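Read off the chains here:
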Amino acid sequence: MKSKAPIYFLLFAMSALFLGMFFGLTASFQYLMPEFLKEQIPFSKMRPFHVTSVISWIVLCATGSIYFFLTYVEKFKLFSPLLAKIHFIIFLLTGIAIYFSFAFDYTEGREYFAFTPVLIVPILIGWVLFGINYFKTLYKNVKGWPVYYWMWGTGIVFMCYHLLEAHFWLFDFFRLNFIKDFSIQWKSYGSFTGSWNMLVYGISIYLMSKIKKDSNVATNKIAFFFYFLGLTNLMFGWAHHTYLLPTQPWIRYVAYAISMTEWVVLASIIYNWKRSVLKVEKENHPMAYRFLLSTDLWIFLNIILALLFSIPAINFFTHGTHITVAHSMGTTIGINTTILFSALFFIVHQIYPDFKTDRKWIQRGFISFNISLFFFWISLLIAGGKRSYWMYVSKTGLFSEMQDSLVPYYISFFIFGIGIFISLLIVATPIFKAFLQKIKP
Amino acid sequence: MSTNSRPYIFAIAILLAIFGFYNYVVYNTDGYVAVEKLSPMAVKGQQLFQNNRCWSCHQLYGLGGYLGPDLTNVYSAEGKGPTYIKAFLNSGVKSMPQFTFSEEEKNELVEYFKQVDETGIYPNYDAEIEATGWVKLKYRNETSEH
Chain A
1 MKSKAPIYFL
11 LFAMSALFLG
21 MFFGLTASFQ
31 YLMPEFLKEQ
41 IPFSKMRPFH
51 VTSVISWIVL
61 CATGSIYFFL
71 TYVEKFKLFS
81 PLLAKIHFII
91 FLLTGIAIYF
101 SFAFDYTEGR
111 EYFAFTPVLI
121 VPILIGWVLF
131 GINYFKTLYK
141 NVKGWPVYYW
151 MWGTGIVFMC
161 YHLLEAHFWL
171 FDFFRLNFIK
181 DFSIQWKSYG
191 SFTGSWNMLV
201 YGISIYLMSK
211 IKKDSNVATN
221 KIAFFFYFLG
231 LTNLMFGWAH
241 HTYLLPTQPW
251 IRYVAYAISM
261 TEWVVLASII
271 YNWKRSVLKV
281 EKENHPMAYR
291 FLLSTDLWIF
301 LNIILALLFS
311 IPAINFFTHG
321 THITVAHSMG
331 TTIGINTTIL
341 FSALFFIVHQ
351 IYPDFKTDRK
361 WIQRGFISFN
371 ISLFFFWISL
381 LIAGGKRSYW
391 MYVSKTGLFS
401 EMQDSLVPYY
411 ISFFIFGIGI
421 FISLLIVATP
431 IFKAFLQKIK
441 P
Chain B
1 MSTNSRPYIF
11 AIAILLAIFG
21 FYNYVVYNTD
31 GYVAVEKLSP
41 MAVKGQQLFQ
51 NNRCWSCHQL
61 YGLGGYLGPD
71 LTNVYSAEGK
81 GPTYIKAFLN
91 SGVKSMPQFT
101 FSEEEKNELV
111 EYFKQVDETG
121 IYPNYDAEIE
131 ATGWVKLKYR
141 NETSEH
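In order, the protein sequence lines correspond to chains A and B.
Quick note: the first sequence, position 218, residue 218 per the UniProt record's numbering, numbers continuous.
Quick note: the second sequence, position 20, residue 20 per the UniProt record's numbering, numbers continuous.
Honestly, the hints are just simulated from the structure, not real lab data.
Predicted, not measured: the structure shown is a model, and the values here were computed from it.
Watch out, some of these pointers could steer you wrong.
Here are the simulated lysine-lysine pairs, DSBU-like style, with alpha carbons at most 35 Å apart [what the hints assert, rightly or not]:
(1) A:LYS38 <-> B:LYS138
(2) B:LYS86 <-> A:LYS45
(3) A:LYS395 <-> B:LYS106
(4) A:LYS140 <-> B:LYS86
(5) A:LYS38 <-> B:LYS94
(6) A:LYS85 <-> A:LYS386
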C-alpha cells in the first residue's frame, strides 16, 4: 500500500486555494466600498489570510506533486514514509496556527509572513524533513539526474535559506539599519518566489517529458542552461524590487545586469513557439496538456512585462502601482497555477486511468479561467498605469480622488476575480472529489 | 536516460561560493546615505507598524499595499508632519481602520516615520533617467538647487 501523504498534501493545497481566493475577493471588495464592514473585516485583516493561503496553495501543491511523482510514477521507495507523514502533520497544524494568529491579531511579522514569527520554526522543520526525504530517496535511486531533480532539490534548499533570511529582521544587526534591513526583506521575498518557481518549473518540465514521453526535454544541455540561468536570477536578480531604495548603487547595477539575461528566455520562447504548439497531443492527458499550453501564453505575456520593468527607467514609473500586482497575479495564477493544475490532471489520471479529464464543463472552466484572468490582468495594468500618471505626470489631486477615479477598474478586477474563482471551482471539483475517494479508508 | 552530473555539481559549487560572498557583502553594507540607527523608540514604532499591518495598505519606498498612500516622506512632506500623522492614526478615515493608539504609541510611530524619512526620498522626482535605462537617484544628503 502506497503512502497517502501526497494526496493529503494535494487536498490541503486545493483547500488553501479556495479559501485563499475567497479571502482575496473579500479583501478586494474594500477597494470598491472602502467603508463597508471595515471595522469587522478591514482590508488589513483579510490580506494576510489571502496571501498566506494562496502562497500555501502553490507550495503545498508543488510539494504534494513531487512526493507523488517520486512514489507513484517513478515508484521509488521513499527514504521514510513516516517523515513524509510528519511533514504533512506539521504543515497542517502550522497552517491552523497561522489562521489563529491572523484571526486574533498576533501579527508581529512582516508582509508575506505576517504571522507571529515563532511559526516560521515548524515551517522550516517541515522543509528540512522534506529535504532529507528527497535527497536520501534520490541519492539511492537515481544516477545522473534529469534537470527537474536538480530544480526540486534547489527549490527545497533555497526555500529553507530564504525563509530564514526573511526573518533576519529579528536581529538588531539588520533591524537597526533601516535601508539594509528593508532591502534584505525584499531580497528574501524575491528569492523565496524564485525558490518556489524552481519547484513549479521543475514540475512543468517533468510533465512535458512524461506527456510527450520524451526524456530528452529534461536531460539536454539547453534545459540545464535555463536551469542555471534561473538559479543565477534567483540568487542575484532580486534587487529589481528595490531599484528606488537608496542602497549602494552597485547592488542595483548587478540586479539590472542579471535581470536582463532573461531576454534569452523570451527569445527562446518565441523561437520554440511554433514547434511546441504544433505538437498538440490529444489522446494522452488532454487537460494536463492544455494547461501547459496556457502556461506558455502566460509566460510570454508576463515575461515581457517583467523584462520591461526590470529596466530601471521603466521601473521608476511602474514601481509602487498595480502594475506590480498585475505581474505577481499574472505569474502566480497564469504560470504557477496553470502548471499545478496540469500536474493535478496528470496525477488524477495516474490514480484513476478511467478518469475522463476532457469533460465539457472542465473545458468550459478552463476557457473562462483564461479569459477572466486576461481581463483581471488588464484591469490591474490600467489601474497601475493611471496611478503612475497621477504620481509622475499630472501630480495633481488628492490621493483619495485618484483612488476614486480608479473604481471602474477595481470593479472589473473584482468581477473577473469572481470569474477566476468560479472557473477554477468548476475545473477543480471533480479532481478534489477523486482525491477524496482515494483517501477513504 | 541519465546525464553526467559532475560538471553541474561543479557549476553549482561555484555559484554557491559567489552567492556566499555576495550575501556576506550585502549583509554588511549599509544604505548609501549615512543615517542614525533606528532608536529604541523608532523600533517600537516599527513594531506597531507591523503588529497593526499598516503595510497591507501603505507603502514605504513604494513597497507594500496600495489601498493607502506611500508614507516614506509623510514626516517631512509639505503640509504634513507629526501633528498631521497623529491626526490620522485614530481617525478611521476612508478604509483605514480606527485605531486606538495611546499618545506614547503615536509618538513612537511618528519617530519611526521621522527616521525612515531621513533615509531617502520617494517618489524620487529629481531622479535622472539615463539613456542606458539607468536611473540616478537623488539622495537625501545631496543639496537641492530648488
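35 Å limit on alpha-carbon distance, applied to hinted pair A:LYS395 and B:LYS106: holds (29 Å)
Next pair to validate is A:LYS38 with B:LYS94; report whether the Cα-Cα distance is within 35 Å. holds (9 Å)
Are the Cα positions of B:LYS86 and A:LYS45 separated by 35 Å at most? holds (22 Å)
Run the distance test for A:LYS38 versus B:LYS138: straight-line Cα separation, threshold 35 Å. Measuring from Cα to Cα gives roughly 38 Å; hence the hint is violated.
Is the straight-line distance between the alpha-carbon of A:LYS140 and that of B:LYS86 35 Å or less? violated (62 Å)
Straight-line alpha-carbon gap A:LYS85 to A:LYS386, limit 35 Å: Violated - the C-alpha atoms of A:LYS386 and A:LYS85 are around 49 Å apart, more than 35 Å.
Of the numbered hints given earlier, the model fails hints 1, 4 and 6; all others are met.
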